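> The lines below spell out each chain.
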Amino acid sequence: MAQRVAIVGTGQTYHKSSRADVNGVELIQEAVGRALEDAGITRKDIDAVVIGNMDHFEGINYVDMWSIDGNGALNKPIMKVTTGGTTGTTVAIAAFYHVASGLFDIVLAIGWEKNSESDTTAAIITCADPYWERPTFGGAIAGLAAGAVGYMHRYGITERDAALISVRDRKNALKNPYAHLRKEITVEDVLNSPMLAYPIKFLDICPRTDGACAVVFASEEKARRLTERPAWVHQVATRHNYTYFTDVDRSGPMPTLYEACMEVYKKAGIRDPFHEIDVVEMYTPSSFAGLVWIDALGVCKEGEAVRLVNDGVTEMDGELPINPSGGVISTNPIGATGLIRVAEAAMQVSGKAGEHQIPDAKTALATGFGGCHWSDVVLISSKRPD
Amino acid sequence: MKRIGIIGVGQTRYERMKTEDTYADLIFEATVKALDDAGLGIDDIDNVITISNDFWDGRTISSMAITDACGSYGKNVSTVEGDGTFGALYGLMRILSGAFRTTLVVAHCKGSEGSNHFITNAMFNPIYERMIGLDSISSSALQARRYMEKYNITEEQCAMVSVKNHKNAFNNPFAQLAMNITIEDVLKSKMLSDPIKLLDASPISDGACAIILAEEEIAKKGPKRPVWIRGVGHFAEAYNLGDRDLAEPLSLIRAAKKAYTMAGITDPFKEIDVAEIYDAFSYQELLWTEGLGFCERGGGGRLIESGATEMDGELPINPSGGVLSAHPVLVAGLARIAEITIQLRGEAEARQVHRARVGLAHGINGACGQAHCVWILEGE
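These protein sequence lines are chains W and Z, in that order.
The letter at position 199 of the first sequence is residue 796 when you use the working numbering, and the numbering goes up by one with no holes.
The letter at position 4 of the second sequence is residue 7 when you use the working numbering, and the numbering goes up by one with no holes.
Looking at chain W on its own, in the form it has when it is part of the complex (with noise of 0.2 Å):
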């Protein structure tokens, strides 16, 4: 790197179905005040500025240009990014790459959506080709469900294994007061909500969410001066493979994770990655998805999932845990969502995650998920990189 890379500040807006006390311009401010004051700065400070949603969500072209009041780029550089449902980590490697290049030295990133403006799933129907997939792909629910059929066929797996995965992300989300979702539920209570596409149900499913996030990256100079425990950035890698959803290799978990996971611990000299990773800020779509894709990182061997979350290890005092922020499961800003990920990784490195703060961890790895089965893994730690 030009320059090494840290997390310094982080800022979530509190999530629900519609905030409809806010317009978008206000949630972004929302945001973005939360992380100036968590890393100590003010607008002033600020180099450059990169953001993202999904434009279909709320109909505004150039939302780079129209949020300029909320997003702190007034009279400053920034740039649109936007790779669907990655967006949010998206957002965050571009922001690592404004600063790991030397041209920036403190740059916030802004993911941000409000889904209670849009038709969610007619809009996500667009992504598919208009001649070949469009008239039959049913959105994000029904691909998921897709691929759940799959998982269950080849690796022997229940409904009543993918529900643990819902009851025990909206358990955690109990302990982090941002949450969308914040209602503990049962294995009973997921299996006996409504079928939305079989296997997947309601409590199988992330929620629609109104939120935003912002995350300030500073170079290694700035970050030293900012805080006592920056959060820093080791490694980013990005696999967006697919362009058409029967591309997709389903032979076995998320083949577009394991590659990112694989370079990200091959540049970073992970060797263990169950041991030498302390929390997982992991995106999942779907219980089904949290569930198969543990295999995808590289922390067990294929169909062990099912295994390790049966025997509570990815739970908040297992010896890994999955989203002790209570994940995309219980708060899911799609534009944010990646972003929050991100972010949670970078409060647990540094300290300070509050309730679900995971005792002395100290590398956490963040995911993304979106697009045609697309992937963007990064990997944070208080160590400073060599």
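Keep in mind the hints are simulated off the structure, nothing from the lab.
Don't take every hint at face value.
Mimicking DSS-like on lysine-lysine, the simulated pairs with C-alpha atoms at most 27 Å apart in a straight line are [to be verified]:
hint: 1; chain 1: W; residue 1: Lys864; chain 2: Z; residue 2: Lys5
hint: 2; chain 1: W; residue 1: Lys980; chain 2: W; residue 2: Lys959
hint: 3; chain 1: W; residue 1: Lys772; chain 2: W; residue 2: Lys863
hint: 4; chain 1: Z; residue 1: Lys273; chain 2: Z; residue 2: Lys261
hint: 5; chain 1: W; residue 1: Lys898; chain 2: Z; residue 2: Lys78
hint: 6; chain 1: W; residue 1: Lys641; chain 2: Z; residue 2: Lys260
hint: 7; chain 1: W; residue 1: Lys864; chain 2: Z; residue 2: Lys78
hint: 8; chain 1: W; residue 1: Lys863; chain 2: Z; residue 2: Lys170
hint: 9; chain 1: W; residue 1: Lys949; chain 2: W; residue 2: Lys613
hint: 10; chain 1: W; residue 1: Lys863; chain 2: W; residue 2: Lys898
hint: 11; chain 1: Z; residue 1: Lys224; chain 2: Z; residue 2: Lys153
hint: 12; chain 1: Z; residue 1: Lys224; chain 2: Z; residue 2: Lys36
hint: 13; chain 1: Z; residue 1: Lys260; chain 2: Z; residue 2: Lys273
hint: 14; chain 1: W; residue 1: Lys641; chain 2: Z; residue 2: Lys261
hint: 15; chain 1: Z; residue 1: Lys5; chain 2: Z; residue 2: Lys261
hint: 16; chain 1: W; residue 1: Lys949; chain 2: W; residue 2: Lys980
hint: 17; chain 1: Z; residue 1: Lys227; chain 2: Z; residue 2: Lys78
hint: 18; chain 1: W; residue 1: Lys772; chain 2: W; residue 2: Lys613
Examples of chain W residues toward chain Z, derived with CB under 8 Å [to be verified]:
hint: 19; residue: Trp663
hint: 20; residue: Ile675
hint: 21; residue: Val678
hint: 22; residue: Tyr694
hint: 23; residue: Thr717
hint: 24; residue: Ile721
In silico negatives: residues of chain Z with every beta carbon more than 12 Å from chain W [what the hints assert, rightly or not]:
hint: 25; residue: Asp57
hint: 26; residue: Lys78
hint: 27; residue: Asp188
Here the structure is a predicted model, which means the values were calculated and not measured.
Ideal Cβ positions, reconstructed from N, Cα and C, are used throughout, including at glycine.
Using the hints, position chain Z against chain W.
Then chain Z, alone, in the frame of chain W:
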């Protein structure tokens, strides 16, 4: 800043309606051309930046349409939604970080498949502005009028830009609108939104462009003379048109200052040999030349009258024919960088500017140039 070169460029021909090509076809054509130009195969590219816009493509996650075509499978790839100059800047950052050595940057747009009015209307405030019908043309008309009133710029001076650029387009095999027109033709053309007439406006275009950036070591080994990136600046200003004096391109002034500082340029008019700037409307070339410091504030009209920006002038502007001669949105800024690269290599053939060594490429985002990105390139 360490030396990063542009080592390959590829453009499709820009046309009003490329019915035979999908987005993927356009990207594939531009990508293959850029790789051939750089003497590389797709395996030599270690990361990719795509540039697309969900509104223009009528598709959410618009970059999904072209992941195959740009060869990003198995690579670190990301997507910038904005003008191509901004996407190229992200590509540059990735090499500067040391994480990558060669970035492919691709942009596509098919204006023919959308409605310019509705797509650009969606830039404006949904409560207060959209219903009055503001779009890229009517908002630019407000800017043009304010600029003309404040600095006594005439419709004839604006028309001279169209005459010059459409004439230059004859020399560019990729341009869409090569025309021999007179100032009278422009003045008499159909009024779109006072004072902007049909021949003051850029066309609706389909096309794609790709460029390849590489670190110094790789750039020096390529088959073509590398073109070095000397400076880049990007800035944004206020959103509400009423919060801005539309005759003062503040974000352009800031972006140019940053790029010039990085490149060590103190007298841009003298030190820059050729410029490709984002003339979506004829008045914009005049206003942007002021923002870029090629002349004093309000001096854009006199600058074009002086002939300095003609092909044989002191600082030729838009030898390619500019955006007025082909306007695939998003692609247009990347095409400016590609054109300057060709100029600085001395490969621009009929549109070659004599002894071009330092060049400027420029792109805009948002309404009336709310954000600008300025690139300074240098040949060997």
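> Just pull the numbers of the violated hints for me, sorted ascending.
3, 8, 11, 23, 25 and 26
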